[in-house]
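S.K.: Residues per chain are reported as follows:
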Amino acid sequence: SQKIEQNSEALNIQEGKTATLTCNYTNYSPAYLQWYRQDPGRGPVFLLLIRENEKEKRKERLKVTFDTTLKQSLFHITASQPADSATYLCALRNNDMRFGAGTRLTVKP
Amino acid sequence: NAGVMQNPRHLVRRRGQEARLRCSPMKGHSHVYWYRQLPEEGLKFMVYLQKENIIDESGMPKERFSAEFPKEGPSILRIQQVVRGDSAAYFCASSPSRDGNTIYFGEGSWLTVV
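So the protein lines, in turn, are chains A and B.
Each residue of the first sequence is one higher than the one before, starting from 1 at the first, in the working numbering.
Each residue of the second sequence is one higher than the one before, starting from 1001 at the first, in the working numbering.
Calculated directly from the structure, the hints in this document are not laboratory data.
These numbers come from a predicted model, not from an experiment.
Hints should not be assumed to be uniformly reliable.
Residues of chain A placed beyond 12 angstroms of chain B at every Cβ, according to the derived structure [said to hold, decoys possible]:
| # | residue |
| --- | --- |
| 1 | Q6 |
| 2 | N24 |
| 3 | N27 |
| 4 | T65 |
| 5 | D67 |
| 6 | L70 |
| 7 | A79 |
| 8 | D84 |
| 9 | S85 |
| 10 | R104 |
| 11 | T106 |
| 12 | V107 |
In silico DSSO-like links for lysine-lysine, alpha-carbon gap of 30 angstroms or less [claimed, not checked]:
| # | chain 1 | residue 1 | chain 2 | residue 2 |
| --- | --- | --- | --- | --- |
| 13 | B | K1044 | A | K71 |
| 14 | B | K1044 | A | K3 |
| 15 | B | K1027 | A | K57 |
If you want the ones that stay clear, here's a sample from chain A, every Cβ over 10 angstroms from chain B, calculated [as the list claims (entries may be wrong)]:
| # | residue |
| --- | --- |
| 16 | I13 |
| 17 | K17 |
| 18 | K59 |
| 19 | E60 |
| 20 | K63 |
| 21 | K71 |
From the three backbone atoms N, C-alpha and C, an ideal C-beta is built for every residue, glycine too.
Let's have the full structure, built from the sequences with the hints guiding it.
M.R.: Here it is as structure tokens:
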């Protein structure tokens, strides 16, 4: 069966450090992978999309890698800030869009 | 340029009543997705609809739940004879097409069954 696994339920880091979140998938052959951010009581918000032929994508302090051989994406937030504290979700599209369970990131001042 | 609009934001129902959740997609979007999120859990796909068609309802419980997206008006997620286990946040998202890369979420409808 198809699975999307984000291997950390929660990640706590110190302000200024780099946060690295992992997304692994099985039984998908995605053309692209996406990352979303969700704050408590709010809907998810799209952050980044990376295509299968792209190894790396950057947007300001965010960096995403996509390894279709390992079936894994890494999501990095550099120079993290307390405002980055949220749950981060990876998503894959087959017919519809499916999400991982998310990793709750807490950045401590 | 309004985003995805969901209403009501909060709904309280007694066991056995019906809950109707509405979703107006972004302007120009003809594809709608419904997800359920239980406290401290991830988003669970329920149903994917295009105007007047259900594309994929593989995540929808077989009984009591139904969804529609009529030619005119919002998409509706209907839960009949609600039970306490239906208490959750229900999120709607939309995209402009079937191959739309990104889907855009509303702020959710929180259903509480008492």
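S.K.: Against the structure, test the hints numbered earlier, and report the numbers of the ones violated in rising order.
M.R.: 1, 10
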